[in-house]
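Chemist: Make the full structure from the sequences, and use the hints.
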Amino acid sequence: GENVEQHPSTLSVQEGDSAVIKCTYSDSASNYFPWYKQELGKRPQLIIDIRSNVGEKKDQRIAVTLNKTAKHFSLHITETQPEDSAVYFCAGGEPGGGADGLTFGKGTHLIIQP
Amino acid sequence: EAGVAQSPRYKIIEKRQSVAFWCNPISGHATLYWYQQILGQGPKLLIQFQNNGVVDDSQLPKDRFSAERLKGVDSTLKIQPAKLEDSAVYLCASSVLAGGGEAQYFGPGTRLTVT
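Chains as they are written, first to last, in the working numbering: chain L, -15 to 98; chain G, 254 to 368.
Treat the hints with caution; some may be incorrect.
Unchecked claim - Just so you have them, the derived chain G footprint on chain L, three or more residues with Cβ under 8 Å:
(1) 22 to 32
(2) 83 to 93
Said to hold, decoys possible - Listed below are the simulated DSBU-like cross-link pairs for lysine-lysine, each with C-alpha atoms no more than 35 Å apart in a straight line:
(3) G:Lys315 with L:Lys26
(4) L:Lys26 with G:Lys331
(5) L:Lys55 with G:Lys264
(6) G:Lys297 with L:Lys6
(7) G:Lys297 with L:Lys55
(8) L:Lys90 with G:Lys336
(9) L:Lys55 with L:Lys42
(10) L:Lys52 with G:Lys297
(11) L:Lys26 with L:Lys41
(12) L:Lys26 with G:Lys297
(13) G:Lys324 with G:Lys264
(14) G:Lys268 with L:Lys6
(15) L:Lys42 with G:Lys331
(16) L:Lys26 with G:Lys336
(17) G:Lys324 with G:Lys336
(18) L:Lys41 with G:Lys331
(19) G:Lys324 with L:Lys26
(20) L:Lys41 with G:Lys297
(21) G:Lys268 with L:Lys90
(22) G:Lys268 with L:Lys55
(23) G:Lys324 with L:Lys55
(24) G:Lys297 with L:Lys42
(25) G:Lys264 with L:Lys90
Unchecked claim - The following residues of chain G were derived to be distant from chain L, with all beta-carbon distances above 12 Å:
(26) Pro261
(27) Lys324
(28) Glu338
Bear in mind the hints are in silico, worked out from the structure with no lab data behind them.
Ideal Cβ placement from N, Cα and C applies to all residues, glycine included.
Modeler: Written out as structure tokens, the structure is:
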């Protein structure tokens, strides 16, 4: 099955700086890669996703890049703000007969220092 | 549009007892997922339904966990008997379709503590 590795486990950046979180996946058949933000005690919230026919996608301060050859994808947050502090999870979807449950990374705790 | 609903939000039981969780997906979403999130980890898929059929239950511990979605809408997840290691947040998610990389939206979860 799919295996998703996520780094770093903790990332501390100054407010206004950029943050980058990286993930690798093992199954070349995976074609869907969402990113979720989870605040303490809250549900995971989808913030951006990318499909394997696209190399990059951007939504305001958030962007995701995908390198299918290397099997890695990254989340980029620019001009970080205090409300960006949370745990971020990457995930990979492995299609096959309609089965597309997500395999999640272990999460990155992003801390925005004022 | 209403989101995914789950109940109860919190449950405390003793080991070897049974417990059930309920989920109501977003209206019109054909696919429903149950995930288990242990503290400090990412969610782990337990089971996926499309309408009222099981698509993937390969990671469901079938000796103690069961799930159903009889009418293709609401779903229940049951644990019997519970073990200490079942302490986790149980998240329900839904998506419009399956197999094509559709966005999954999560409910607030049920936090289970087994003592």
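Chemist: Decide, hint by hint, whether the structure agrees.
Modeler: For each hint, the structure was consulted:
| no. | hint | result |
| --- | --- | --- |
| 1 | 22 to 32 | holds (count 5) |
| 2 | 83 to 93 | holds (count 9) |
| 3 | G:Lys315 with L:Lys26 | holds (28 Å) |
| 4 | L:Lys26 with G:Lys331 | holds (22 Å) |
| 5 | L:Lys55 with G:Lys264 | violated (40 Å) |
| 6 | G:Lys297 with L:Lys6 | holds (19 Å) |
| 7 | G:Lys297 with L:Lys55 | holds (21 Å) |
| 8 | L:Lys90 with G:Lys336 | holds (23 Å) |
| 9 | L:Lys55 with L:Lys42 | holds (19 Å) |
| 10 | L:Lys52 with G:Lys297 | holds (24 Å) |
| 11 | L:Lys26 with L:Lys41 | holds (26 Å) |
| 12 | L:Lys26 with G:Lys297 | holds (16 Å) |
| 13 | G:Lys324 with G:Lys264 | holds (25 Å) |
| 14 | G:Lys268 with L:Lys6 | violated (38 Å) |
| 15 | L:Lys42 with G:Lys331 | violated (40 Å) |
| 16 | L:Lys26 with G:Lys336 | holds (24 Å) |
| 17 | G:Lys324 with G:Lys336 | holds (29 Å) |
| 18 | L:Lys41 with G:Lys331 | violated (39 Å) |
| 19 | G:Lys324 with L:Lys26 | holds (28 Å) |
| 20 | L:Lys41 with G:Lys297 | holds (26 Å) |
| 21 | G:Lys268 with L:Lys90 | holds (27 Å) |
| 22 | G:Lys268 with L:Lys55 | violated (42 Å) |
| 23 | G:Lys324 with L:Lys55 | violated (39 Å) |
| 24 | G:Lys297 with L:Lys42 | holds (27 Å) |
| 25 | G:Lys264 with L:Lys90 | holds (25 Å) |
| 26 | Pro261 | holds (15 Å) |
| 27 | Lys324 | holds (19 Å) |
| 28 | Glu338 | holds (18 Å) |
The structure is inconsistent with the numbered hints 5, 14, 15, 18, 22, 23, although it conforms to all the rest.
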